[in-house]
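**Q** Input sequences plus hints: build the corresponding full structure.
Sequential numbering of the sequence shown, starting at 1, is according to our numbering.
Rather than coming from a laboratory, the hints here were simulated on the basis of the structure. Here the structure is a predicted model, which means the values were calculated and not measured. You may find that some hints are simply not true.
Said to hold, decoys possible - Have a look at the derived ranges for each label pair, beta carbon to beta carbon:
id : residue 1 : residue 2 : range
1  : 69        : 1         : 30 to 38 angstroms
2  : 68        : 25        : 26 to 34 angstroms
3  : 67        : 1         : 18 to 26 angstroms
4  : 67        : 47        : 27 to 35 angstroms
5  : 51        : 25        : 16 to 24 angstroms
6  : 53        : 93        : 15 to 23 angstroms
7  : 45        : 83        : 16 to 24 angstroms
8  : 89        : 56        : 18 to 26 angstroms
9  : 93        : 42        : 27 to 35 angstroms
10 : 48        : 78        : 15 to 23 angstroms
11 : 1         : 43        : 15 to 23 angstroms
12 : 26        : 70        : 29 to 37 angstroms
13 : 90        : 53        : 20 to 28 angstroms
14 : 43        : 83        : 15 to 23 angstroms
Using N, Cα and C, we set each Cβ at its ideal position, and we do this for glycine too.
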Amino acid sequence: MSTLHVLSHSPFTDSRLGSCLRLLGSEDALLLCGDAVHAVQPRSLPLEALEERGDSLRLFLLDEDLQARGLECPAWATSVDYPAFVELSIRYDKVNTWL
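**A** This is the structure:
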């Protein structure tokens with residue numbers, strides 16, 4: 001069963017990103033929104049953790065939040081808008097929001 005994991009908290013203030021990465025299954029995806037998009041800051045430990053997952057990680061980032069924080073989507077990830085976010089939540093069997 002595939003799960004879309006949604007993170008919105010900064011990876012610099014808590015450990016949700018690391019916990020989520022440990023639990024991701026082979027059919028799962030990760031959507032970063034809100035302050036969680038800070039995980040793609042260049043030369044950061046959270047970015048290294050994401051990159052270590054290699055080609056197996058399906059990573060999506062909410063474009064509006066990237067723009068608001070002056071960040072760019074890495075070439076190996078996918079930037080999505082709100083309608084695409086809704087589409088992702090329908091495509092996966094479950095949605096797990098890490099509150």
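**Q** So, for every hint listed, does it hold in this structure?
**A** Hint by hint, here is what the structure shows:
The supplied range of 30 to 38 angstroms is met by residue 69 and residue 1, whose beta-carbon atoms lie about 32 angstroms from each other. Against the hinted window of 26 to 34 angstroms, the Cβ-Cβ separation of residue 68 and residue 25 comes to about 30 angstroms, which satisfies the hint. Our hint of 18 to 26 angstroms for residue 67 and residue 1 is violated, since their Cβ atoms are close to 33 angstroms apart. Checked against the hint of 27 to 35 angstroms, the pair residue 67 and residue 47 fails, with Cβ atoms roughly 18 angstroms apart.
With their beta carbons about 19 angstroms apart, residue 51 and residue 25 fall inside the hinted range of 16 to 24 angstroms. The hinted window of 15 to 23 angstroms between residue 53 and residue 93 holds, with their beta carbons roughly 20 angstroms apart. Roughly 32 angstroms separates the CB atoms of residue 45 and residue 83, a value that falls outside the hinted 16 to 24 angstroms. At roughly 21 angstroms, the beta carbons of residue 89 and residue 56 sit within the given window of 18 to 26 angstroms.
The given range of 27 to 35 angstroms is respected by residue 93 and residue 42, whose C-beta atoms sit roughly 34 angstroms from each other. At roughly 19 angstroms, the beta-carbon separation of residue 48 and residue 78 lies within the given 15 to 23 angstroms, and the hint holds. For residue 1 and residue 43, the hinted distance range of 15 to 23 angstroms is not satisfied, since their beta carbons lie about 36 angstroms from each other. At roughly 33 angstroms, the beta carbons of residue 26 and residue 70 sit within the given window of 29 to 37 angstroms.
At roughly 24 angstroms, the beta-carbon separation of residue 90 and residue 53 lies within the given 20 to 28 angstroms, and the hint holds. At roughly 32 angstroms, the beta carbons of residue 43 and residue 83 sit outside the given window of 15 to 23 angstroms.
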